[in-house]
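Sequences and hints are given; from them, build the entire structure.
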Amino acid sequence: MESVGLDLLVEELRDTFESGKTRDFSWRKAQLKSLLKLLEEKEEDIFMALYKDLGKHHCEVFRDEVGVLIKSVNYALDNLKTWMAAKKVYVPLAAIPSSAEMVPEPLGVVLLFSSWNFPIGLSLEPIIGAISAGNAVVLKPSEIAPASSEFLAKNIPLYLDNKAVKVIQGGKRVGEQLLELKWDKIFFTGSNRVARTIMSAAAKHLTPVALELGGKCPAIIDSLSGSRDRKVAIDRVVGGKWGPCCGQACIGIDYLLVEEKFAPVVIELLKATIKRFYTKREYISKIVNMQHFQRLSNLLKDPAVAESIVCGGSIDSETLFIEPTILVNPPLDSDIMTEEIFGPLLPIITLKKIDDCIRFLRGRPKPLAIYAFTNNEKFRKRLIEETSSGCIAFNDAVIQYACDTIAFGGVGQSGFGQYHGKFSFELFSHSKPVLRRSFLTEFSFRYPPWNERKLKFMRLLYRFDYFGLVLLILGLKR
Amino acid sequence: MEAVGKGVDSASERVEEIVGELRRSFTERRTVGYEWRVAQLKAILRMIEEREADFMAALYSDLSKPQMEAFLHEISLVRAACELLLKELKHWMKPQKVPTKITTFPSSACIVSEPLGVVLVISPWNYPFLLSLEPVIGAIAAGNAVVLKPSEVAPAMSALFAKVFPEYLDNSSIRVVEGGASETTVLLEQKWDKIFFTGNPKIGRIIMTAAAKNLTPVVLELGGKAPVVVDSNCDLKVAAKRIVVGKWGCNNGQACVSPDYIITTKSFALQLVNALKNTLEAFYGKDPLESKDLSRIVNSNHFERLTRLLDEVEVSDKVVHGGQRNKELLFIAPTLLLDPPLDSLIMQEEIFGPLLPILTVDKVEDSFDIINTGTKPLAAYLFTKNKKLQKKFVMTTSTGAILINDIALQIANPNLPFGGVGESGMGSYHGKFSFDAFSHKKGVLVRGFGGEARARYPPYTPMKQKLLRNLLNGSIVALILALMGWPWRE
Numbered sequence: 001m002e003s004v005g006l007d008l009l010v011e012e013l014r015d016t017f018e019s020g021k022t023r024d025f026s027w028r029k030a031q032l033k034s035l036l037k038l039l040e041e042k043e044e045d046i047f048m049a050l051y052k053d054l055g056k057h058h059c060e061v062f063r064d065e066v067g068v069l070i071k072s073v074n075y076a077l078d079n080l081k082t083w084m085a086a087k088k089v090y091v092p093l094a095a096i097p098s099s100a101e102m103v104p105e106p107l108g109v110v111l112l113f114s115s116w117n118f119p120i121g122l123s124l125e126p127i128i129g130a131i132s133a134g135n136a137v138v139l140k141p142s143e144i145a146p147a148s149s150e151f152l153a154k155n156i157p158l159y160l161d162n163k164a165v166k167v168i169q170g171g172k173r174v175g176e177q178l179l180e181l182k183w184d185k186i187f188f189t190g191s192n193r194v195a196r197t198i199m200s201a202a203a204k205h206l207t208p209v210a211l212e213l214g215g216k217c218p219a220i221i222d223s224l225s226g227s228r229d230r231k232v233a234i235d236r237v238v239g240g241k242w243g244p245c246c247g248q249a250c251i252g253i254d255y256l257l258v259e260e261k262f263a264p265v266v267i268e269l270l271k272a273t274i275k276r277f278y279t280k281r282e283y284i285s286k287i288v289n290m291q292h293f294q295r296l297s298n299l300l301k302d303p304a305v306a307e308s309i310v311c312g313g314s315i316d317s318e319t320l321f322i323e324p325t326i327l328v329n330p331p332l333d334s335d336i337m338t339e340e341i342f343g344p345l346l347p348i349i350t351l352k353k354i355d356d357c358i359r360f361l362r363g364r365p366k367p368l369a370i371y372a373f374t375n376n377e378k379f380r381k382r383l384i385e386e387t388s389s390g391c392i393a394f395n396d397a398v399i400q401y402a403c404d405t406i407a408f409g410g411v412g413q414s415g416f417g418q419y420h421g422k423f424s425f426e427l428f429s430h431s432k433p434v435l436r437r438s439f440l441t442e443f444s445f446r447y448p449p450w451n452e453r454k455l456k457f458m459r460l461l462y463r464f465d466y467f468g469l470v471l472l473i474l475g476l477k478r
Numbered sequence: 001m002e003a004v005g006k007g008v009d010s011a012s013e014r015v016e017e018i019v020g021e022l023r024r025s026f027t028e029r030r031t032v033g034y035e036w037r038v039a040q041l042k043a044i045l046r047m048i049e050e051r052e053a054d055f056m057a058a059l060y061s062d063l064s065k066p067q068m069e070a071f072l073h074e075i076s077l078v079r080a081a082c083e084l085l086l087k088e089l090k091h092w093m094k095p096q097k098v099p100t101k102i103t104t105f106p107s108s109a110c111i112v113s114e115p116l117g118v119v120l121v122i123s124p125w126n127y128p129f130l131l132s133l134e135p136v137i138g139a140i141a142a143g144n145a146v147v148l149k150p151s152e153v154a155p156a157m158s159a160l161f162a163k164v165f166p167e168y169l170d171n172s173s174i175r176v177v178e179g180g181a182s183e184t185t186v187l188l189e190q191k192w193d194k195i196f197f198t199g200n201p202k203i204g205r206i207i208m209t210a211a212a213k214n215l216t217p218v219v220l221e222l223g224g225k226a227p228v229v230v231d232s233n234c235d236l237k238v239a240a241k242r243i244v245v246g247k248w249g250c251n252n253g254q255a256c257v258s259p260d261y262i263i264t265t266k267s268f269a270l271q272l273v274n275a276l277k278n279t280l281e282a283f284y285g286k287d288p289l290e291s292k293d294l295s296r297i298v299n300s301n302h303f304e305r306l307t308r309l310l311d312e313v314e315v316s317d318k319v320v321h322g323g324q325r326n327k328e329l330l331f332i333a334p335t336l337l338l339d340p341p342l343d344s345l346i347m348q349e350e351i352f353g354p355l356l357p358i359l360t361v362d363k364v365e366d367s368f369d370i371i372n373t374g375t376k377p378l379a380a381y382l383f384t385k386n387k388k389l390q391k392k393f394v395m396t397t398s399t400g401a402i403l404i405n406d407i408a409l410q411i412a413n414p415n416l417p418f419g420g421v422g423e424s425g426m427g428s429y430h431g432k433f434s435f436d437a438f439s440h441k442k443g444v445l446v447r448g449f450g451g452e453a454r455a456r457y458p459p460y461t462p463m464k465q466k467l468l469r470n471l472l473n474g475s476i477v478a479l480i481l482a483l484m485g486w487p488w489r490e
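Note that the protein sequences, when read in sequence, are chains A and B.
According to full-length UniProt numbering, the residues represented by the first sequence are 1 to 478, in order.
According to full-length UniProt numbering, the residues represented by the second sequence are 1 to 490, in order.
Treat each hint with caution, since some may be false.
What the hints assert, rightly or not - Straight-line C-alpha distance at most 20 Å; calculated SDA-like pairs for lysine to any residue:
id : chain 1 : residue 1 : chain 2 : residue 2
1  : B       : LYS392    : A       : ASN74
2  : B       : LYS213    : B       : LYS392
3  : B       : LYS101    : A       : LEU80
4  : A       : LYS454    : B       : GLY285
5  : A       : LYS422    : A       : ASN74
6  : A       : LYS87     : B       : GLN390
Hints listed in this document are in silico derivations from the structure and should not be mistaken for laboratory results.
Spelled out as C-alpha cells, the structure:
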C-alpha cells in the first residue's frame, strides 16, 4: 500500500476521533458487543485460519485464543462504566470548596502490532483495551500468519466501526511506513530486535510505547513427594511447553531447572505424559515457517547439544514438524541456552540443590514469566523476593494469561507496559487530574512583595506540618 | 566530587565504573531492604535541614531565586515528599492481594512491587533542587540504585549535590555525575533499568532514542504552552493575582506549569490587561527591576532567545506592558502582549520566560479550538464561575492536568500524578506515583495441585471436543469451569 494512502487512512481515523464519536460510552459498548458477535459467529473461520497458519487444533485455539478473548470482552463490558468514571481524589484537607478528581481520557489514534503465534488473540486483546479506552485503532497483524491476517482484514470491517478501527496488512515495508506517521500510542508484541526499531521510531514523535516481548521463561521443579502432585505438575509442564503453539509462545516454558537427584523422575514422567497427550499429530501445532524450522534445527546441529538429547529429536521439513524433544544439560553457552528457543525443544538444566536456581537466574535477562512447582513456602518466598520477571506463577504455567487482575507484561529485556483487564484500559488512557478551586478563599501572603516577616511566618507555620502549609497556600488558614 | 573527564574515553570509563559499582550493589541486594530505603530518606531529610542555607544560596547563585520561592516551591515540597514516603513506604511495599476468578480456580494472586535496578535521573536547571531530589527520592523509596545527573546550566546546585551526596547518602548505590552534553551522551550509552528525564521535548527525543537501544523504559517530564482561558464571569481581582503569581512568581515564568499565554474574549480583554497591570505593580512595584521578588533569566542564551521572541516583526508592536530589559542583569520586565500573530515564534514555541501574550476571541468557547490545534501541554487553566464551561473545558482539553480558578497547585497534591501527555511527556510521579514509576509491579499467581482439568490437555478426544462444543453454547462461566475440570468428573 502506498504511504500516501496510509496517510489518508490515518487522517480519517483522526477526524473520527476528533468528532468525539469514540469517546461515547454507547459507541464503546456497541463495539465490544460486536466483537463478541464476531468471535461467536466467525469461530469456524478462526479455527480454519489458525489451522492453516499454524496447524493448531481447534481445542487449542478455543482454549488459548477464542475462549480467552470472550472472557476479556465480557470483563470489559462488565467494568467499562466504572473504568470510564472520574475518580474523586482525596485533597488532604477536605478543603471546601476545592476538589480534585482523575478523569480518564483516550489517547487518540493508536497503532497495534501483533505477532504470528497467537495472531487472533494478540490482535484482539489489545483492541479490546484500545476501544474500551475510547481510541481509534490501526491494527497491523503479522504477515507470517497470513490466513489470520486475511481473516482480520476481512472481518473486522464487517463487525467494527470502519471509520474508527482499521486493519492494515503487510510486511516490513508497511510496518516502516506506519512508523513514520504520528501515533498517540504504539503497542507491540514481538521480538526484542524489532522492538528496538519500533521504540526508536516512536521517539521521533515522542509516542509512548508498550512492548510485550519474550525471554527464556524457566520452570523450576522442586522435588515433589506425592505421586499425584508429580503427575499434575508434569501435566502442567507439558501443557505449558508444547500446549501453546508447540512452544512458540512468549510465556511458554523455555527450559527446566531441576535438582539432579530428581531429574530422572522428571524425565520419565515427561516422556510418559508426552506419549499420553500427543497420540495424534494434529494435537500439536506445526513450526510456523521454514525460516523458524531451520533456526530450530540449527539449534540441534551443535554436536554438544545433539549429544544431550534424551528424547525426541526427529524433524520433518516437509510438514514443518519437530517432535517434542528433551535435552539434558546442553552447554550453557550454546545457542539453545542463550537465545529464546520458541519451539518444541526442552532443555533440562540440573542443579546440585534446587535453591541454586536463584543464583542461576541472577544476571540473566529478566523473562516474561518464571514458573516454580513447589510446596515449600520458604522457597516460594525466596523466589518472589530474589528473582525478577514479568510475573511469577506457582504450580502452573501459562495460565496467568487468563487472570485479569494481575497485569500482564514484562520487565527489563522482556518489555514494559502492562495490559489485560483494567490494565488494558489504563494502558490506552491518559488519567487526567482535574483540580477545582473557588474564588471565595484568598490569603494574602501567598503573593509578593515578599519579605522576611512573611517568610518567617511561613517557616513557623510549616513546622507544624506540611498540610498546614498547603492550607495556607490554598488560602484556608488565616 | 566527580571532575569532568579529560576526554570522552576517560569519561566513558569512569561512568562505566560507576554504573558497574551500582549494579553490583543492587545485585547484592543492598538497596532492596526497607531499612536501607528508610535510612537514605532520613539522611536526605537531615541533609536538607543541615544544609538548607547552602541549598538556598545555590538557588540564588544559579537563578537569583527569591527566598520565598526557594522555600515554598523547592525545599518544602521535597521535605514533604520525603515525609510522605517515610510514612507510607511500609504500606506501599506490601504485596497487594487481588481477587482471582473462576478461570484460574483454585488460586490466589497478588501484585508485588519490586525495584527495577539501576536508574538514571536527569534533571533541569529551573527547579534544580526539586526536580533532582523528588525523582531521586522516588527511586530510592522503590529500592533502586540511582545516578543523578543535574543540569550544568545550574552549576552551583550541581556542584553542591556532588559534594553533599557522598556525605549523607550511601555512595555505593547513589551517585551524582556532573557534566553537560558529552557526559550525558556517555551516560546514555550505559544500560539502565529506567531513565527519568525532566527537560525540553527536543532532548526528550534524544533520550528516548538512546533508551530504545537497550529497551529501557523512560519517564519524560517535558513542557508545552500551558494556556490560561479567562472568562468574563470570574472574580477578576483574585484571578489576576493568581495568574501573576503563577507566572512571574514561578521562577519568573521559567517553569513548565507556568502560564504560557492567555486567551480571553475581545470584550473582556481590556479589563483583564488592566487588572494584570495593576497586580504587577502591586507585587513588583513601578520598576520591576528593583523588585527582589523576581528570579532572573537563567543565562545569556535564554536572554537572547527571549529577546528574539519579543523583537520579532509584528510582535514587538503588540507589547502593552513592560518590555524593558537589562542584559547585564539578565533581566526582562514582566511583559504583556496583545494578540501577537499565531504563527509568530512567541506563539509557536514554549516561552519559558516573563512574557505573557494575550489572545482574544469572540466567544470564550473559541479558545478551546485554539488550544486543541496546538500540541498537548503539561497543564491547562480556566478561570470561570460557569460550571458548564468548566465541564466543557475538562471534556475537550487534552493536557497533563487541568486546574480551574488557580495556577500550578497540582504540583503540591501528592495524590495526583504529575506528568504530561503527547508532546508534554509520558509517565508521571509525585506521592505514590513516584514509588510506582520506579517499581515493577510483578504479578504473583499461586495455584495448588488440586482442581485439575482434563479438558485442558490432549488427546482432544471426541468426548472432550463435544464437551467444549456444548459448553461453547452455554455460559462462558460453565465453559471455564469445565476447562478447570471443576466440578467435572470424567
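Hint check results:
no., hint, verdict
1, LYS392(B) to ASN74(A), "violated, 31 Å"
2, LYS213(B) to LYS392(B), "violated, 42 Å"
3, LYS101(B) to LEU80(A), "holds, 18 Å"
4, LYS454(A) to GLY285(B), "holds, 18 Å"
5, LYS422(A) to ASN74(A), "holds, 12 Å"
6, LYS87(A) to GLN390(B), "holds, 17 Å"
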